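So the sequences go chain by chain: C and A. Residue numbering for the first sequence follows the working numbering, starting at 498 and increasing by one per position. Residue numbering for the second sequence follows the working numbering, starting at 4 and increasing by one per position.
Hints are supplied without guarantee of correctness; some may be wrong.
[Stated by the list, open to error] Taking lysine to aspartate or glutamate and the EDC-like style, the derived pairs with C-alpha atoms no more than 16 Å apart in a straight line are:
no. : chain 1 : residue 1 : chain 2 : residue 2
1   : A       : 268       : A       : 239
2   : C       : 723       : A       : 246
3   : C       : 500       : C       : 524
4   : C       : 577       : C       : 930
5   : C       : 906       : C       : 523
6   : C       : 583       : A       : 49
Since the hints were derived computationally from the structure, they do not count as laboratory data. Quick caveat, the model's predicted, so the values are computed rather than measured.
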Amino acid sequence: MAKLVTDVVCPFCGTLCDDLEVSVTDDGKKILDVYNACAIGAEKFLHSQASDRITRPRMQDEDGNWKDVSYDEAVEYTAKILADAKKPLMYGWSSTNCESQAVGTQIGEVTGAIMDNTATVCHGTTLIAVQDVGIPSCTLGEVVNRADRIVFWGCNPAHAHPRHMSRYSIYPRGFFTGKGQKSRKLVVIDPRCTDTSKLADYHLQIEQGRDYELFDAFRVAFKGEKLPDTVAGIPKKTIYEVAETMKSGRFGIIFFGMGVTQSLSKNHNIDAAISVTRDLNDYSKWSIMPMRGHYNVTGSGEVWGWLHGFPFALDLSRGFARYNPGDTTSNDLLRRDEVDAVFVLGSDPGAHFPFGSVKKIWGLPSVCIDPHITPTSAVCKLHVPVAFVGVETGGCAYRMDNVPIECRKVVEPPEGMLTDEEFLKKVLTRVKELKGA
Amino acid sequence: MATVTLTPKKVPSLRLEADNITPDVFAGKSAAEIAGLHVFTGNTQELLGDYFTVAGSAGATAAETSIVIDGDASRVKYIGMKMSAGDILVKGNADMYVGAWMLGGKITVKGSIDAFAGTGMTGGEIIVDGDAGNYLGAAYRGDWRGMQGGLIRVGGNAGSDIGTFMRGGEIIIGGNTDVHVGTHQEGGRIVVKGDCKSKVGGQMVEGEIIVFGDIEVMMPGFQYRNDVDLEVDGSEATFALYEGDVGERHPKRKGDVVFGKLYLKY
């Protein structure tokens, strides 16, 4: 017989779906099936059941041979490299719960570390723009119930946030949006044809790297001023037409992704997008929301925000919090040889950082805390597998609209495995001893 | 004018945070006292004397103090940060934050400098013979006050985000720039002798940008007005005047809307 666990929260993307159902064996030790989840979310649950899963920490020697070590040895190595370093980098934090992030931050305070999360190569530019010009935003519930104009700019939820469109943005029927998709106009701005753009009423196939110009052109169009014949490869007639469509809605929302945050202009793109949103509020009600990737990258920004005032690229090396992306961001630090130890938890810089940065990690004392074998675990000296947050342990996570949701524990982790939080607490105790704090 | 000479004797293992290298801190101190000032490598406090041989002594005040860094400082951050008077000469390169938030005095760098030089500066001069990095004379994150006064002159090229949120003063670039010149500019003047890539004057409210070379892609919010003859930094030429960014908010003065001015040389 199997029992069904309901209202499970999916620990994959920033959509943080909270309606999953998981059937587990009666002893609560094995997952049998996952219902309501997208293919990626279901795989995350099922992957925890893999028979070849690593369940004990292991260390790599210079020739690349792995040797199993105990959790105590792993704690000792991790604490020692952090305590010995003049400027350790503690990166990741996006695929874990807020409780672990808080303990990690305490370690950062004791060791004088740089704390950075995956926003540094993702929506960090959004956060810079928010600091520059503010943000008019809303929750996803408001989008379901009110939005009749949806803009996807530089993102492809059909593949990256698979249930976003059915739960929040395009299809659902809400309180004021009873006709579902029929009551909504969809604008997609993307240089590529994607599965999202196929659904669009307007697909503006913009020239790559010209988003800033197009945002500016919309602001000119809202004011009824004249435009050049084409902007970013889009004819001015289309720009005026889409501008009218945006102005004529009752409630609009711009969702944007890494197509604008990490292409040419970066934070200025978002700055301009927020300005577009602000301008549209002269005619209608508009909001803007980043399509956050990892399920709890928003949470790490929240935790550091309330503890130290900055959402990423936090420099605690001098004993007080400093922040300046470009100086205190992971890739700049690695590129400029500014760190002497690397600690990674809940992220995979090995797969997502430029190769030059990954090589620098390889050359430094390094530890990777991750349930999976990843390109990062392959370049780090120590790999510590831990229990899956949201599957084998609960904890708080923040959805892309800054709504905190408590994740649920569905099954027991393999015998003797530690959670992120348990491992970090041991490291914190040892680091305090080494530092005499 | 008393001169303090710092000769580099050790390359920092990571990067050195030396916000004490300013005439204001050095003023009234002997060579031994200056060598005993602190610097930081990450979380570790060290001494200026560990990295530099200090010769000479400082004047009684910042204005009477001259600092010479006789060598390469390309791994030394914060040179001349918040200085109010006196002068600094760097004979090699310097790292980030040269003259950030400086109030007065003069910094001369014979080599090149990295990013964030002249962040939020309100007065004084920064003269760079080589190239400058990104965010020259820009605002700190979230601040709406970039460079507000003084002069920055760069002989070579500059990076991106020059004069973001600039409100006063003048930046003169001898060579080319990367993207984003004078974004959110609300005053002051930026002169580029070479070419600019794109996004010049985006979201600009007021102030002047003068470009002698080409702009690869113009912002759609700039509109051509008329031709004007100008004398800029000692040379006379005819420029096309564009005004913008019309998408951005603009104040009214004496009944007329005030725009940012972009002059492009024919």
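For each hint given before, does the structure comply? Return the numbers of the non-compliant ones in rising order.
Structure breaks no hint.
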